[in-house]
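Chains as they are written, first to last, in the working numbering: chain A, 1 to 222; chain B, 223 to 482.
A few of these clues could be false.
Straight line, CA to CA, 30 Å or less: simulated DSSO-like cross-link-like pairs of lysine-lysine [to be verified]:
(1) B:K266 with B:K293
(2) B:K410 with A:K96
(3) B:K406 with B:K380
(4) B:K427 with B:K391
(5) A:K199 with A:K5
(6) B:K427 with B:K438
(7) B:K336 with B:K427
(8) A:K121 with B:K231
(9) B:K406 with B:K336
(10) A:K96 with B:K293
(11) B:K336 with A:K96
(12) B:K410 with B:K432
(13) B:K391 with B:K293
(14) B:K438 with B:K404
(15) B:K380 with B:K370
(16) B:K475 with B:K293
(17) B:K406 with A:K96
(18) A:K96 with B:K370
(19) B:K293 with B:K410
(20) B:K410 with B:K262
(21) B:K370 with B:K427
(22) B:K412 with B:K370
(23) B:K266 with A:K96
(24) A:K5 with A:K121
(25) A:K121 with A:K199
(26) B:K230 with A:K121
(27) A:K96 with B:K404
(28) B:K370 with B:K438
(29) A:K96 with B:K391
(30) B:K391 with B:K406
(31) B:K336 with B:K266
(32) B:K262 with A:K96
(33) B:K475 with B:K412
Computed far set for chain B versus chain A, every beta-carbon distance over 10 Å [what the hints assert, rightly or not]:
(34) S289
(35) D329
(36) Y363
(37) S434
(38) E478
Hints were generated in silico from the structure; no laboratory data involved.
Ideal placement from N, C-alpha and C gives every residue a C-beta, glycine not left out.
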Amino acid sequence: MSKAKEALLNPIFNDNPIALQILGICSALAVTGNLYITLIMCVALTSVVTLSNLSVSLIRNHIPTNIRIIVQISIIATLVMLVDEVLQAFDYESSKTLSVFVGLIVTNCIVMGRAEAFAMKNGPLLSAIDGFGNGLGYSIILIIIAIIREFIGAGTFYGIEIMPLTTNGGWYLANNFFLTPASSFFIIGFTIWALREWKTDQIEKPEFKISENSLEAEKRAV
Amino acid sequence: MNNNDTIKKTLIVAISLCLVCSALISFSAVELRDLQEANKTLDKQNKILSAAGLLEEGIDTSVLFESINTKIVNLETGLFDQNINITDYEEGSFSRNPSTSIELSSDVDIALLKRRENFQTVYLHYEGELLNAIILPVRGYGLWGTMKGYLALEPNFKTIIGLEFFDHKETPGLGGEIDNPKWKAIWKGKEVYSDNGDVLISVIKGSVDKSSNDSKYQVDGLSGATITSNGVSNLLSFWLGDMGYGPLIDNMKLQETKDV
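Excised from the complex, chain B in its bound form (with noise of 0.2 Å):
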């Protein structure tokens, strides 16, 4: 057998590894992407229809979220932007690009994102020519990670339909509960927005009381997480206040108003 460990054979072998390497995970990068950008799609075109109440059995995801408005909107002024192409919005290099977006201080910044955008992505479904809900993204962070989800509101922009996180790295069983069926139905009918517009809702810890008044305000903690249960709150404040979706909400409210 010829010698192998030559200088000039170490580096034909090392140089063509890295070549037959290279073009076989580029191939099934490139072959696959489309597959895993739908399926990613997919998932949180599945997570915002849950949100809403909106899922049906047996019907595909894609065909179900044709209902679906999608705006972006400009979270300083709380109006609709017209002149950003929904398809190329993303929220990653939104948020991290200084032009688009803000640095939170730490007094604003209850849901740990450093960063926020100024735009972000809004869903509305409407009923016929009758706005039925609207699909607000929120994130903010938990225990070992951000919790990414959607929340979705009545016409009133104060009663929850719905809650749903898409993306967390919470502790399976305790933290990870916010993905309970159960947990998640409690939501629910629950108020965000007191009669003068500050944001009350919340997880508490243990069960709520529910001949208290606050009672349409609060949500059970998940036992043994209490972490995760605050940053949910937090994330609540933070995206429904004046920082979040506040003024978007005031702006609907008003149109509301100027249309009756």
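One chain only, chain A, in its complex shape (with noise of 0.2 Å):
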């Protein structure tokens, strides 16, 4: 695989950043109680990470090092200002219902962690590639968690009715758990699990060993 492809496409399966780094959690529980808000909010974080990976890439070799992480922060902080505003302007309601959550991709690991792991060190193209890449990762597991929790606790998928709910006078009683941000917990963890069964390298090692159940032990001595 060409350098570029391997940037574009590692990070939604092989190098998942919610699923193999476990970061920008906190986003993927808050947003996803409904697919149109998800998708805005995952175009959102991507255009934010590709655009933050370019421009720290484009400036790299003249950041100092003692004040880095006040630049990227900076740089992320702006385009995510710009992002909410844009929103305000073109999609008031989504920004209405996003509300506070546009302005936490500030502090979206993901952003801050390829700015600093990959734009600080490679060219601004593929930075930039990189951090779409990542973007597209970051989308498909909240686009998958939004489409679980909005089935099951709305009936609906993308807004239209597959289920009648019996508040609108239809036979399913809707899950409200799947509405609360516990339940993207449950999701991800079971989505995490899924992807390791597939892509079983992904499985980390132990790092200790659970010592022997005493009562087995006895039993076996017995």
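Two chains, two frames, a set of hints: combine them into the complex.
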């Protein structure tokens, strides 16, 4: 695989920022109740991480090492504010629903992590591709969570009614748990499990071995 | 490569970065402000029309809104105020400014507002010469934050046409169901005042017993959202009471009987 292709495709399944690196979980919990909102969030994050990687990489040879984190954060914060302004101007409804979570992209570890780990060491084009790839990796997990949560929690897919709710005169009693952010924890957990069943090299080696249960040891001794 | 870590270089990078970033943000904020303001106004107009049941499919909100007469009301006296320009009015700054608001003592502050502005905008819809609907901005604390909305009343100042929230932070699926069209539809036709003028409307726990005499003052509670439901009851009691639009409604009723 060429380097660019690797930078683009690796983060999707092989090195997924959420599933393997366990970064950016907070927004994966918060904004996945509804697929449309999730898509807006994914576009927002992907554009921020792509552009921040590009800008950091462009000036990487001029960034003094002792203030490099501040420089990265300033760039990211600027981009996030821009995205927020654009969203308020062109999609007011979503910006109202996403409210503080657009601003919180600043604290998303994926953006900062890619700037520090990749863009500081690689050229602008490759960095931008890497940012875009990581954005896609983030997006795919969020979309999976959102589809499950919206379907079980509200009986809809992208706002289209699939299972009519009892509150609207149908037969499906919505599972309100799936509308709460906590449900994403379970869905992320199961997604990671599924992914590691498929890509077995992602399974981490146990750091220590749990010692044998004393009862069992006794039983064997007898 | 030259050394980046000198004090001079550090300062140059830091200062130029700040300048570039702030220029970018200022530029976008100024460029997009008109669009953002327009969006906010449109959203409010949409909710006002929707509360009064005046929204029509396929017709622009701004066109429909031309039929709405916006007035500033002095909440102390309950009279319309001609001195304040509608475009200058801003609820937030009026309710924060001590000279244009009053502090609410905890016994009257049932909607947990802390301060109440002395002036509010109300929206009147006339069908020809006749008043068709009055739309009152209401707000109050729910579970997570302030719920802001519009209550539309019929010209008898008693029967609800609709209640619509445009800003709230309630949990989606639980308290957030205040946006559910099905729940909002229950409000139509309910009455807010008893015959002697007490505010009776409330969101009750569970479903309303239709055979009871009080059912016209009661709305089904939202299951799993008792605090939100109570918040809605409280904000209506506050805004329809003496501290809210009570004086205005009394005056308008008086006016109406005089005209007849």
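K96 of chain A and K370 of chain B were given as a pair; does the straight-line alpha-carbon distance stay at or below 30 Å?
holds, 13 Å
Holds or violated: K96 of chain A to K293 of chain B, with C-alpha atoms at most 30 Å apart:
Given pair K96 of chain A, K293 of chain B holds - Cα atoms ~27 Å apart, limit 30 Å.
Can the restraint linking K391 of chain B and K406 of chain B be considered satisfied, given a maximum Cα separation of 30 Å?
Measuring from Cα to Cα gives roughly 17 Å; hence the hint holds.
For K5 of chain A and K121 of chain A, compute the direct alpha-carbon distance and say whether it is at most 30 Å.
The hint holds at about 17 Å.
Compare the distance between the alpha carbons of K406 of chain B and K336 of chain B with 30 Å, and conclude whether the hinted pair is satisfied.
holds, 27 Å
Regarding the pair K121 of chain A and K199 of chain A, is the alpha-carbon distance no greater than 30 Å?
The hint holds at about 28 Å.
Examine each Cβ of chain A, and state whether all of them lie more than 10 Å from the Cβ of E478 of chain B.
Holds, since 37 Å exceeds 10 Å.
For the pair we were handed, K336 of chain B and K266 of chain B, check the Cα-Cα distance against 30 Å.
Holds, because 24 Å separates the two Cα atoms, which is no more than 30 Å.
Say whether it holds or is violated: S434 of chain B keeps its Cβ farther than 10 Å from all Cβ of chain A.
Correct as stated: the minimum Cβ-Cβ distance to chain A is 23 Å, above 10 Å.
Holds or violated: K96 of chain A with K404 of chain B, Cα cutoff 30 Å?
holds, 22 Å
Checking one constraint from the list: CA of K410 of chain B to CA of K262 of chain B, max 30 Å. Satisfied?
holds, 26 Å
Taking only the CA atoms, is the gap from K230 of chain B to K121 of chain A under or equal to 30 Å?
holds, 23 Å
The structure fails none of the hints (numbered hints given earlier).
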